[in-house]
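In the order they appear, the protein sequences are chains G and L.
When the first sequence is numbered by my numbering, its final residue is 379 and no position is left out of the sequence of numbers.
When the second sequence is numbered by my numbering, its final residue is 472 and no position is left out of the sequence of numbers.
It should be emphasised that the hints constitute simulated quantities derived from the structure, not laboratory data.
Just so it is clear, the structure is predicted and the values come from calculations on it, not from any experiment.
Be aware that one or more of the hints could be misleading.
Computed spacing ranges between beta-carbons, pair by pair [what the hints assert, rightly or not]: (1) L:MET257 x G:ALA57: 31 to 41 Å; (2) L:PRO303 x G:HIS355: 28 to 38 Å; (3) L:PRO270 x G:ARG318: 29 to 39 Å; (4) L:PRO440 x G:SER276: 45 to 55 Å; (5) G:SER276 x L:GLU393: 18 to 28 Å; (6) L:MET361 x G:GLY359: 31 to 41 Å.
Every residue, glycine too, gets a C-beta built ideally from N, C-alpha and C.
Spelled out, the chains give:
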Amino acid sequence: MDPNANRNLLLSVLATMLVLVLVQVAASHGTEYQIRILNNIAIFIVLAVSYNLVNGVTGQFSLAPNAFVALGAYTSALLTLTPAEKEISFIIEPCIWPLSVITTPFIVSLLAAGLVSAVLAFVMGFPVFRTRGDYLAIVTLGFGEVVRVIANNTQSITNGPLGLKGIAEYTTLWWSWGAAIVTVFLIARLIRSSYGMAMKAIKYDEAAAEAVGINTYWHKMLAFTTSGFFQGIGGGLLAHLITTISPTLFTFFLTFNLLIIIVMGGLGSTTGAIIAAVLFTWGGEWLRFVDEPMDLGFVEIPGIPGMRMVIFSCILIFIMIFARHGIMGTREFNWNWLCRKLGVGGRSR
Amino acid sequence: MERSPLFCKRDRPGTGLVELTFFLQQMINGVALGSLYGLIAIGYTMVYGIIRLINFAHGDVMMMGCYFAYFGILMFSLPWWASFVIAMALTAVLGVMMDKGAYVPVRNAPRISALITAIGVSFLLENLGLVVFGGRPKGFPTPEMFSEVYEVAGLMFPALVVWTPLLTLLILSAVLFIIYRTKTGRAMRCISHDMETTRLMGVDVNRIISITFAVGSAAAAAGGIMWAMRYPEINPLMGIIPGFKAFVAAVLGGIGNITGAMLGGLLLGVAEIMLVALMPELAGFRDAVAFGLLILILLFRPTGLMGTKLPD
Chain G
31 MDPNANRNLL LSVLATMLVL VLVQVAASHG TEYQIRILNN IAIFIVLAVS YNLVNGVTGQ
91 FSLAPNAFVA LGAYTSALLT LTPAEKEISF IIEPCIWPLS VITTPFIVSL LAAGLVSAVL
151 AFVMGFPVFR TRGDYLAIVT LGFGEVVRVI ANNTQSITNG PLGLKGIAEY TTLWWSWGAA
211 IVTVFLIARL IRSSYGMAMK AIKYDEAAAE AVGINTYWHK MLAFTTSGFF QGIGGGLLAH
271 LITTISPTLF TFFLTFNLLI IIVMGGLGST TGAIIAAVLF TWGGEWLRFV DEPMDLGFVE
331 IPGIPGMRMV IFSCILIFIM IFARHGIMGT REFNWNWLCR KLGVGGRSR
Chain L
161 MERSPLFCKR DRPGTGLVEL TFFLQQMING VALGSLYGLI AIGYTMVYGI IRLINFAHGD
221 VMMMGCYFAY FGILMFSLPW WASFVIAMAL TAVLGVMMDK GAYVPVRNAP RISALITAIG
281 VSFLLENLGL VVFGGRPKGF PTPEMFSEVY EVAGLMFPAL VVWTPLLTLL ILSAVLFIIY
341 RTKTGRAMRC ISHDMETTRL MGVDVNRIIS ITFAVGSAAA AAGGIMWAMR YPEINPLMGI
401 IPGFKAFVAA VLGGIGNITG AMLGGLLLGV AEIMLVALMP ELAGFRDAVA FGLLILILLF
461 RPTGLMGTKL PD
């Protein structure tokens with residue numbers, strides 16, 4: 031047992047309260063643009079931390095988060111839209127029965143989004159975890175694509191390529207940062223529990239983990255299902271932030287963004303995932319200048335839309351070649367380390 | 161008593177023949193599409209067979225091949241055949257550059273790192289394409305020779321349907337010749353068994369791998385040009401879907417096995433065309449067929465139809 035456990039708990043509570051105070055300040059004084067970016071950051075923290083649980087901690091290279099985000103977004107959007115709104119939206123084919131009459135509060139729709147995505151993850155897990163390594167990547171990629179194709183073709187449920195419009199903008203800073211804090215807290219607890227230890231063991235050596243009696247299959251399933259749950263919630267938050275969703279939002283591109291984040295942060299580090307989610311979202315906004323025309327005084331560079339993604343792709347390749355461990359490697363932030371650095375001391379073991 | 165529509169249809173004289181013609185016609189289309197998948201799959205399967213890397217960027221290399229051919233014809237006014245040959249050569253160079261620039265530095269890294277690098281290269285090519293060529297689709301100038309339609313015994317043979325399998329066969333034989341009848345090919349087969357030992361035997365492993373990338377990319381360019389003539393339009397994101405499907409074809413046939421990739425491609429092409437022809441209401445799901453097949457095959461026969469080695 032860590033002798034500083036009580037102090038660390040207190041520090042964690044204080045840090046959480048500090049974040050909440052900052053959220054309150056941002057919500058009351060921030061401009062619409064700043065609030066939007068902060069919302070995006072929080073949602074990306076939810077998505078990246080839960081994606082990292084599968085790819086980083088358990089070492090199973092899944093490429094399917096877009097499937098869970100899509101399912102979560104659609105589930106929660108369909109649950110909060112009122113029957114009248116659905117009637118207006120579904121112009122080609124009417125919405126099928128139970129969905130066409132249900133309207134639930136936002137919180138219920140979020141939880142439902144999480145649960146439905148978790149169920150999908152659980153069911154997907156059976157075939158997916160019969161494969162390993164590259165094949166697992168390709169199979170999950172396939173599932174991600176299949177979910178998108180289904181969303182495109184089930185006109186009476188998802189409204190097909192038209193997508194859903196007029197979703198109420200329920201996602202406030204409180205919702206998104208609340209979800210981010212809860213997600214980080216729960217996933218960090220999970221990683222530090224015996225289940226998390228088993229997941230790490232699977233990452234480092236699956237055969238050895240199996241040999242010491244870890245049920246690798248069910249631990250992978252646990253990681254995948256948990257991750258699916260939080261990604262579903264992230265999807266729900268996203269839908270109620272951007273208010274319009276269509277299948278094109280949930281392509282492999284979304285997975286690619288999350289992949290850059292967790293690779294940049296260091297595969298396996300929750301702290302890294304959080305730092306990288308902030309850097310990526312904020313940096314993405316900051317980098318907008320490369321898409322716009324630039325006047326360097328002596329020469330004028332015309333705007334090149336899409337340049338940002340070129341830069342992000344290069345960053346990913348460079349990280350892989352020169353800094354494979356990312357910002358944090360597999361290390362995690364902890365209070366003992368910070369206090370030692372600051373010279374505050376505390377009792378040592 | 162009212163008759164079911166199916167019964168009525170059978171009643172009409174001569175319908176049996178029409179159905180047979182319809183079936184054969186779809187078969188022909190399926191084989192043409194399938195050989196195209198097979199042609200693109202050659203590059204996937206060669207690279208995977210040798211360095212166990214899923215080259216995610218293969219479909220995008222194919223896209224670049226199409227643009228090279230496009231610019232060859234329209235900007236430099238080359239005759240189409242010269243343009244196609246130059247496009248294949250340039251794409252081969254691109255493949256080598258990709259290997260040297262991105263894959264050599266991660267060759268000894270964990271396989272997941274190599275896979276992530278490949279995903280990065282894929283996105284880099286797509287977005288460079290968007291920046292340099294623009295996102296607007298461009299019409300591909302199909303040479304007249306490839307746009308004719310022959311009719312034999314009630315069956316339609318667009319020239320492409322004839323040329324694609326022929327070209328595929330030609331390239332397949334060339335690749336098989338390189339692999340089984342040349343010294344380079346022997347080195348490739350050695351590397352796929354044991355890269356370190358091959359290196360110790362004095363083989364320049366990196367050179368051989370580059371040659372593999374060159375051959376695979378040239379085949380992809382040929383496939384891409386055929387693809388561009390089939391759907392006469394090119395855009396920077398066109399490589400994604402054929403790339404994925406070609407990969408599925410390679411896995412179906414047993415990845416690393418070149419003849420298998422061809423068979424997998426044919427199977428996939430025919431399955432897709434048949435789904436659209438026989439169940440038109442499910443046509444929207446045609447892109448899901450490939451992945452459905454992939455998942456089934458990996459669950460029940462993980463080494464593919466012709467594969468022998470177990471994937472790890």
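Evaluation of the provided hints:
With their beta carbons about 50 Å apart, MET257 of chain L and ALA57 of chain G fall outside the hinted range of 31 to 41 Å. Remark: the range hint 28 to 38 Å for PRO303 of chain L to HIS355 of chain G is contradicted by a beta-carbon distance near 52 Å. A C-beta distance of roughly 34 Å is found between PRO270 of chain L and ARG318 of chain G, which places it inside the suggested range of 29 to 39 Å. Distance hint check for PRO440 of chain L and SER276 of chain G: the Cβ-Cβ separation is about 24 Å, which falls outside the suggested range of 45 to 55 Å.
For SER276 of chain G and GLU393 of chain L, the Cβ-Cβ distance of about 22 Å falls inside the hinted range of 18 to 28 Å, so the restraint holds. Distance hint check: the CB atoms of MET361 of chain L and GLY359 of chain G are about 37 Å apart, consistent with the given range 31 to 41 Å.
Comparing the model with each earlier hint shows violations of hints 1, 2, 4; every other hint is respected.
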